[in-house]
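**Q** For reference, the chains in residue letters:
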Amino acid sequence: MLTDGTSHSALLADYAASVSRREFAHSLYWVLGQRIVARRDDSPSDDEPPPDTVLTRQIETIDNDRALHLIPGSGLLVP
Amino acid sequence: MTAPAKVVVIGNVGDPHAAAVLDRVPSDLRPLLIDAEKLPTCQYCLRDGLLTVSEANGREVEIAPGNTARGWIRRLAPPDWQRGLVVESHDAAVKTAWLTLLTSVLRLCGVHWLSSVDELVIAENKLVQYAAASRVGVRVPPTVVTNDHELARTTLAGDILLKPLGPGHFFDGEEPYVVFATVARLDGPELRSLAAAPFIAQRRLIPRSHLRVITVDRDVWAAELSAANRPPDWRADPTAHRSFKTIAPPLDVAGGALAVAKELRLGYTSQDWILADDGPYLLDVNPAGQWLFLPPHVSDSVTAALASWLLTGQHG
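For the record, the sequence lines run as chains Z and P. Mapped onto the numbering used here, the consecutive letters of the first sequence carry residue numbers 1 to 79. Mapped onto the numbering used here, the consecutive letters of the second sequence carry residue numbers 1001 to 1316.
It should be emphasised that the hints constitute simulated quantities derived from the structure, not laboratory data. Among the hints, a few may not be true.
[Said to hold, decoys possible] Going by beta-carbon spacing under 10 Å, a handful of chain P positions derived as facing chain Z:
{"hint": "1", "residue": "Y1044"}
{"hint": "2", "residue": "L1162"}
{"hint": "3", "residue": "P1164"}
{"hint": "4", "residue": "G1166"}
{"hint": "5", "residue": "P1167"}
{"hint": "6", "residue": "H1169"}
{"hint": "7", "residue": "Y1177"}
{"hint": "8", "residue": "V1179"}
{"hint": "9", "residue": "F1180"}
{"hint": "10", "residue": "G1188"}
{"hint": "11", "residue": "S1193"}
{"hint": "12", "residue": "A1196"}
{"hint": "13", "residue": "F1199"}
[Said to hold, decoys possible] Between beta-carbon pairs, the in silico distance windows are:
{"hint": "14", "chain 1": "Z", "residue 1": "R35", "chain 2": "P", "residue 2": "P1004", "range": "44 to 52 Å"}
{"hint": "15", "chain 1": "P", "residue 1": "T1100", "chain 2": "Z", "residue 2": "Q34", "range": "50 to 58 Å"}
{"hint": "16", "chain 1": "P", "residue 1": "D1159", "chain 2": "Z", "residue 2": "Q34", "range": "47 to 55 Å"}
{"hint": "17", "chain 1": "P", "residue 1": "T1312", "chain 2": "Z", "residue 2": "R35", "range": "44 to 52 Å"}
{"hint": "18", "chain 1": "Z", "residue 1": "H26", "chain 2": "P", "residue 2": "H1112", "range": "43 to 51 Å"}
{"hint": "19", "chain 1": "Z", "residue 1": "R35", "chain 2": "P", "residue 2": "T1155", "range": "17 to 25 Å"}
{"hint": "20", "chain 1": "P", "residue 1": "G1313", "chain 2": "Z", "residue 2": "Q34", "range": "26 to 34 Å"}
{"hint": "21", "chain 1": "P", "residue 1": "R1135", "chain 2": "Z", "residue 2": "R35", "range": "36 to 44 Å"}
Even for Gly, the Cβ is constructed at its ideal location relative to N, Cα and C.
All chains should be built: construct the whole structure from the sequences, respecting the hints.
**A** Right under this line is the structure:
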C-alpha cells in the first residue's frame, strides 16, 4: 500500500490498461537495429578497406567486445 | 610425454587478440590455447582437477592445481559458435555440454586467471558496472531502466540516449543487425517501444571526445577520439575505428578506470569513457574487450602487458 492509500496491484492494473498492445509489438531491437550491409566500392583506394571488410569490421566491433556471448534464447548462458 | 602448461589462454587461434598475446609467450612454457570449439578436436581427460589434453598435432599438456599456471580468458567460444541454435534443441544441449566442461576446467584446475570466468559474467552487466562505479566515486550518466516512457522522461529530464541492456546485436535469419546507442526522439517511436524489451535509458551528455581506456592489472593506457561530427555511438561511424589518438589518460580517468576494474575484480578491462565539459564519465566496461584497433603505442603496450602478466605475474 502506498502512502496515499493506493495499492501496488491497482497501480499495476492501471498501468497495464494504459499500455496498448501496439507498444509490445516491436521491441527497441527492431526500432533501433541497423541492418549491416557490406559497402560496395568498385575502386577502393589504399585508405579504404576492401569491400566486405566493412561488414566484417562492424560486426567484429560488437563481437570483439563481448567475451562470453551470452545470447538470451540460445540456451547457452555460461553454465 | 605430458608436461604442465604454464600459460593458458581461453580463446581461438583465429582471434587476432589471442594470437597477438600468444606470439609473445615462449613455446617452452607450453602455452595451451583452447576454447569450446577446439576442445572437441582434442583427446582430453578431466579427473580430480587434473586436465590432460592431447592436441591434434600430438602435443600433450596438462593443467592442474599446484602447477602455478597463469591464464587469460579472451573468449569461451568464437563469435558465431552459437548462431542459429534453437533453445532446448539437441545441438544446444551438445554445445552447452562443451561449455559446461570448459567452465569446469576454468574453475577447478588451479589456474590463476587474470579475470575469472565468474567475475567476467558478473561484470558483463552494465547495471552492475554502474553500481561498481558509483561505489568508487566514478560518475556515470544518470540512468534508468523502465518500461514507462513518461517515467523515463521525468526521471532523466533532458534528451535521452537509449542503449541495449541485453545483447548489442541480433540476427533475423541471415541478416545481421547492430543496435547502437541512439538518441530518442520525443515524438518518435523509440520511447513508446520500451515495453517489449528492457533497454537502458540515459540522460544524453554531450561529449567533447570519446576515450577507450585499457587496464591491465595496475597499469592503464588510453586513446582519444574527437566527438566532433560523430554519432553518439562512435562505433556507428566506420572511420572512427581508425581515428583514435594515443593520449596520457587524465589522472581522474586513470584512477577511476583502475578503481572500477578493481571493484569488479577484473585484471583486464577495456573501458569506454567520454570527456564532457564538466569532466569525465564512464559509459561502459568491456571485461574482455578489444584493443588492437587502437594506435600502436597503446595496442603494443597492452599486448606486451598481458603477455608479461601471463609469464611473470607482473608487467612493464
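**Q** Confirm or reject each hint.
**A** Each hint tested on the structure:
Against a cut-off of 10 Å between C-beta atoms, the interface hint on Y1044(P) is violated, since the closest Cβ of chain Z lies about 17 Å away. Hint on L1162(P) holds. Least Cβ distance to chain Z is approximately 6 Å, under the 10 Å limit. A hinted interface residue such as P1164(P) counts as satisfied when its beta carbon comes closer than 10 Å to some beta carbon of chain Z; here the least separation is about 8 Å, so the hint holds. Because the beta carbon of G1166(P) sits about 6 Å from the nearest beta carbon in chain Z, less than 10 Å, this interface hint is met.
Given the 10 Å rule on beta carbons, the hint for P1167(P) holds: about 6 Å separates it from the nearest Cβ of chain Z. Restraint check, H1169(P) versus chain Z: the minimum CB separation of about 5 Å is within 10 Å; hint holds. At about 4 Å, the closest approach between the beta carbon of Y1177(P) and any beta carbon in chain Z falls short of 10 Å, and the interface hint on this residue holds. At a threshold of 10 Å, the smallest CB-CB gap from V1179(P) to chain Z is about 5 Å, leaving the interface hint in force.
Hint status for F1180(P): holds, given a least beta-carbon distance of 7 Å to chain Z, under 10 Å. At a threshold of 10 Å, the smallest CB-CB gap from G1188(P) to chain Z is about 8 Å, leaving the interface hint in force. Taken as an interface hint, S1193(P) checks out: its beta carbon lies about 5 Å from the nearest beta carbon of chain Z, inside 10 Å. Here the hint on A1196(P) is kept, as its CB sits about 4 Å from the closest CB of chain Z, short of 10 Å.
This hint holds: F1199(P) has a C-beta 5 Å from the nearest C-beta of chain Z, less than the 10 Å allowed. In this structure, R35(Z) and P1004(P) meet the distance hint of 44 to 52 Å, their C-beta atoms being roughly 48 Å apart. Evaluation of the 50 to 58 Å hint for T1100(P) and Q34(Z) yields a failure: the beta carbon distance comes to about 35 Å. For D1159(P) and Q34(Z), the hinted distance range of 47 to 55 Å is not satisfied, since their beta carbons lie about 20 Å from each other.
A C-beta distance of roughly 46 Å is found between T1312(P) and R35(Z), which places it inside the suggested range of 44 to 52 Å. Take H26(Z) and H1112(P): their Cβ atoms lie about 47 Å apart, and the range 43 to 51 Å holds. Taking 17 to 25 Å as the suggested C-beta distance range, the pair R35(Z) and T1155(P) does not conform, at roughly 32 Å. For G1313(P) and Q34(Z), the Cβ-Cβ distance of about 43 Å falls outside the hinted range of 26 to 34 Å, so the restraint is violated.
For the pair R1135(P) and R35(Z), the supplied restraint of 36 to 44 Å holds, since their beta-carbon distance comes to about 39 Å.
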